[in-house]
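Residues per chain, in single letters:
2 protein chains.
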Amino acid sequence: MLLQTSASVVIALLMSLVGIAFVLWQTRRVLAEDPGNELMRKIALAIQEGASAFLQREYRIIGIFVAIVATIIAMYLQVQTAVCFVVGACASAGAGYLGMYVAVRANVRTAAAASRGLHQGLRVAFGSGAIMGMSVVSFSLIGMTVLFLIFNGDPNQLTYITGFGFGASSIALFARVGGGIYTKAADVGADLVGKVEKGIPEDDPRNPAVIADNVGDNVGDVAGMGADLFESYSGSIIAAATLGAALGNDSVAFVGLPFLVAAVGVVASLFGIYMVIGEEQEVTQAETFNSNGLLIRAHHFLSKYVAKIDEKASLEDLLLALRRSVWGASVLILGLSLFAVLLSGVHFNYWLVILVGLIAGNAIAYATEYFTSYTEKPTQAIGKATETGAATTIIQGLAVGMMSTVFPVLITAFAILFSIWLGFKADGTIAAGLYAVALAGVGMLSTLGVTLATDAYGPVADNAGGIAEMSGLPHEVRNRTDALDSLGNTTAATGKGFAIGSAVLTALALLAAYVTAAKITSLDMLGPTMLPGILIGAMMPYLFSALTMMAVGKAAHEIVLEVRRQFNVIPGLMEGTAEPDYKTCVGISTESALREMILPGSLAVVVPIVVGHVLGKEALAGLLVGTMSSGFLLAVMMANAGGAWDNAKKWIETGEYGGKGSDAHKAAVVGDTVGDPFKDTSGPSLNILIKLMTIVSLVFATSFGSGWLSF
Amino acid sequence: MLLQTSASVVIALLMSLVGIAFVLWQTRRVLAEDPGNELMRKIALAIQEGASAFLQREYRIIGIFVAIVATIIAMYLQVQTAVCFVVGACASAGAGYLGMYVAVRANVRTAAAASRGLHQGLRVAFGSGAIMGMSVVSFSLIGMTVLFLIFNGDPNQLTYITGFGFGASSIALFARVGGGIYTKAADVGADLVGKVEKGIPEDDPRNPAVIADNVGDNVGDVAGMGADLFESYSGSIIAAATLGAALGNDSVAFVGLPFLVAAVGVVASLFGIYMVIGEEQEVTQAETFNSNGLLIRAHHFLSKYVAKIDEKASLEDLLLALRRSVWGASVLILGLSLFAVLLSGVHFNYWLVILVGLIAGNAIAYATEYFTSYTEKPTQAIGKATETGAATTIIQGLAVGMMSTVFPVLITAFAILFSIWLGFKADGTIAAGLYAVALAGVGMLSTLGVTLATDAYGPVADNAGGIAEMSGLPHEVRNRTDALDSLGNTTAATGKGFAIGSAVLTALALLAAYVTAAKITSLDMLGPTMLPGILIGAMMPYLFSALTMMAVGKAAHEIVLEVRRQFNVIPGLMEGTAEPDYKTCVGISTESALREMILPGSLAVVVPIVVGHVLGKEALAGLLVGTMSSGFLLAVMMANAGGAWDNAKKWIETGEYGGKGSDAHKAAVVGDTVGDPFKDTSGPSLNILIKLMTIVSLVFATSFGSGWLSF
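Residue numbers (the working numbering), protein chains in the order written: chain A, 166 to 876; chain B, 166 to 876.
Misleading hints may appear alongside valid ones.
Identical chains blur together in the list; that is why a pair holds if it fits in one copy or across any two.
No more than 25 Å apart at the CA atoms, straight line, and that leaves these computed lysine-lysine pairs for BS3-like [unchecked claim]:
#	residue 1	residue 2
1	K831	K549
2	K748	K363
3	K831	K363
4	K719	K815
5	K360	K831
6	K719	K831
7	K360	K719
8	K473	K831
9	K363	K549
10	K207	K719
11	K360	K684
12	K360	K549
13	K719	K542
14	K542	K831
15	K549	K719
16	K684	K719
None of these hints come from the bench; they were simulated from the model.
Generate coordinates for the entire structure from the input sequences, incorporating the hints supplied.
See below:
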């Protein structure tokens, strides 16, 4: 090998510092934007306060949770693992906090920028998303690399760093599940009274739950999604490094490679982000601080790739601009990671593995888009089904959601198969093949900085629309924010496909790491406890989804009662002469979301530990496989059915089947409402379930025996 | 061992002859009942003709399919297997034909008997169900035992008899999938135009699709359910015998035991059936042909156990009568099978295994009832959710369906675990444990004669209600048939739980037989092709359900167009002065159901063969495990959500939340309509998918190698 592990890790550390520098610079840039007029600022402030109140309370609960779990880990396992656990939790929470902090300030600035033009609005909103994306990548990378260097770069001490992944998973659990319940409780609650009972439009400032609804977009889709992918990103690198360390001779190169690929991904993601938010006038700015002209020429060269978006840009144009940024980053990663593979001295096949991961990620995103976009047949079939009422709309939507699982599963299955095959051909062992699967996961997630930017941009645009509506900005501004919002809905759907696909690869890699760590020699599927384990595992996603869906129902019901109460007791509220009490609704959403996440959250942590002890470590592996396979399917089905219902409604709103207010539209609204907890609460929460159960097993791997029922 | 295999098989053969004698006697008895007045007979004739037309066309398609597959088996495997395949298909088709033949004649006789009293109606309907139940058991048993004896009782030739199971599975595929599509297409189509557009009640003779709807109840719930359980019953016995044959020393006893347990089940089922349809006046009849008084005394003794049902019997009373019959049969089996175990000379633990199977079957049925009965909280929660509209009704129903998977999965997982443990403790090998799992499946299904009777009775009662309505029988008759129909709905839900639970145990046993037959030595879950296999397997139930749900949608749409057309072109139809053209609707349902079942049906046969060849025999085992676990969950979720929605609607119709016609009721109707394809098409079809894929793999086991991608 040409490059030592430590050198690779140091390169990754340096790149994470570059990422953090970008985050800080970009944060200043977004905050320097015009925050709009007084009314806009006032609305934005309410959202900021609501988001901050939620995060503070959430982080207090998480703090208690982290303290308890860290103590248990320190007592039963190692202190080092406990420290890594705390660091992982803090890094993820920090990235989430920063992303939210900017998002709830970028929303109003996006609305103000949209007054000037479509591209200006896109730049601010996407710039905010880029902060989330790059924070996740950089915070994860700096945390892991520093810990790794503290442990002297000793691959044998990698086991401590699994604690980092567990910490990240814990934050993801609370952020995704709690955030998911919050956002849909507020959304459904606001709609049920506002739109249905009172007949006032969405985002109407008279609705007491409107601020909670806007806060929800941020806590669910910015902080929740960020924490979810922070977990996948960290988990895939940890799994690859752990599996690499067990590969014998070349282990030093194998451990370093995932860090190198991640480092390469930081550079590529920055380039991808630049392709959207780069501005031509900056070329002259660059001249001022660079005398030799190299940077100027580089900037001139790069600026050719910046997306050109004019006022007449269609949804397709906007989508293409974002897609180009992800593709551009992917191509750059392919080129740079070839160097990484060559410098590491590992077999060329591992470069093909990274290619497999990148292609798989993009292919899943594309398949997701096909099934959820209203320009395509599946969603149009749901639109057609609205003609015969709500029941056929639901049946068709569920059928589309189920059908949409086929490609993501086939893509993932073949990505796993080819990765194992490539690894096996390179180094002759199945262990090398499993390392390759983990590396494919790292490859898939290497573009995360920019893919997450395209995703976390959505809620900012959504909020901007709400603020434009509430503050009565001119019609053309609302049109622009609507265009940006539609774009956000599409990227949200593809982002969910990417999140679940990467969750499966990460979980699989972590499972392989668990099997290694638990010293399991044979995982015979017909072993005595294996099939019970698989069945119970397959049941977990159903139980988890049932709990989260019921939680949304309960929490939404509380919001409905409060909104009704306010309309009854506050005179002049309906007439717009009095102001609603937004804070109470924010408080109720916060309380109920945090309360309702406890049970499903605890199950995800407790069940693997109980099964590992009672049925033994082999059954636990079976449990994880069951949860992974069944959860993958259910998550894709729920996310895509939800996305397709949402877009079928939007399609009808463009005038199909009678347009807004028709019977078809009413049926479509039923579909959309059913889809809300599907796509924003239960579906995405399953990503966490899959990964968290696996990483809990990995962390506690050494404590499991052959179970109480000895055969 | 005290009893040779051949002796056990001969006993089973004799008992199957007793069962067939009962079937013939009981058929004559039912057909001798009063067939009602002329109008009733006319309506019943239309249903008979429709059912017969469907079956004839279905059997023609099946005939072609069976001929092709038999040829392939004869060419690539053995001629003996092909013969067994044809025999299995004919036995299942024969049982289905007989069951349907009686059911479509018992419906009108039930309506006529209900004019005389509630118990009279129950007796005729249940008597018809008993014919279906006992035909399934007897035809399966006679087929297998005769084939086994032809092969000289040589356990090594048991592999041919797997063909019998494949033949049964093929019929089940067409009967369940085709029948399921038929019944819901007709039901939804009739309702969408009749109830929704024209505002005429259910079962109104003016509706051109009303006959098709009534035919559908029979082809779906009598022939479909019967073929489904015929497959489970045959499969579990074949799997147990095959696994027993591989157990070495005691193999002769192990092979014979499942046949003995089945034989014991025939006797016990007959007793259970007697507990419902026995009549006191027969005691005197018995005296005439028995001089020594033994039979008289026996009859006097037994008649104490016959259910007493008076006119004021509540749903609980009726339910108890049916439950007592299943419990009575179960207790009898426990006693008799203890003799069977002792006579076979196998370890006492195997008797406990049979106990585990019986308890598991009853426990799953009980759990199903809890989640789908409107006297319990889960269904009432759906009722409450109707207050806030269709969307919350759907969300709550799906959540209940998901939650309802917990107990069936835990019960099945522990039944598997304890069976393996008991077998392992008895004979010291995991192979003995897997044999025990198969035996538990045989134990669970040993009561099939009577459990299927409680199930196949439902559509007869449902039809009777339709005939009473259409022929204008007095109000009290309709009340009685309604009571019998409600009872049928509850037993249908528990029957579905039983069907899926037994399908999983059977499939698991067949999987173990496959692994043995394919000479797979290690089924390492982290093997190169295993996880891709599991993921693709887990996807199959989703693809299958999507196809069947869309099929119902398409077929229902064709019915809707035809019913609308008839109302437009036939003058006087709405006024009741002209008659609709029932036959065209029957023809459309038949055509579309048979057309739409081809694709999902082919997938179930083709995918295992393709995966077995391309990815190899280990990946195929992974595929089967994936399909089994994911399909189990999805099937239970769909069946129970559908049942709960149905009953939530019925609960509201008793006057809750505003009763019939209220907004809550409208929301409940949406839930019920979504639930229709869930519980009657897609959900039950998954049982077939799980078993068929496994038995196809077993039959072709020897033809699979290590796959094209060699590692």
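Quick rundown of the hints versus the structure:
no. : hint        : verdict
1   : K831 - K549 : both (13 Å within a copy, 21 Å between copies)
2   : K748 - K363 : within (20 Å within a copy, 49 Å between copies)
3   : K831 - K363 : both (16 Å within a copy, 21 Å between copies)
4   : K719 - K815 : between (27 Å within a copy, 24 Å between copies)
5   : K360 - K831 : both (12 Å within a copy, 20 Å between copies)
6   : K719 - K831 : both (23 Å within a copy, 22 Å between copies)
7   : K360 - K719 : within (19 Å within a copy, 33 Å between copies)
8   : K473 - K831 : neither (38 Å within a copy, 51 Å between copies)
9   : K363 - K549 : between (29 Å within a copy, 22 Å between copies)
10  : K207 - K719 : neither (30 Å within a copy, 52 Å between copies)
11  : K360 - K684 : neither (57 Å within a copy, 63 Å between copies)
12  : K360 - K549 : both (24 Å within a copy, 21 Å between copies)
13  : K719 - K542 : between (35 Å within a copy, 15 Å between copies)
14  : K542 - K831 : within (21 Å within a copy, 30 Å between copies)
15  : K549 - K719 : between (32 Å within a copy, 12 Å between copies)
16  : K684 - K719 : neither (44 Å within a copy, 53 Å between copies)
Hint violations for this structure: numbers 8, 10, 11, 16, all remaining hints satisfied.
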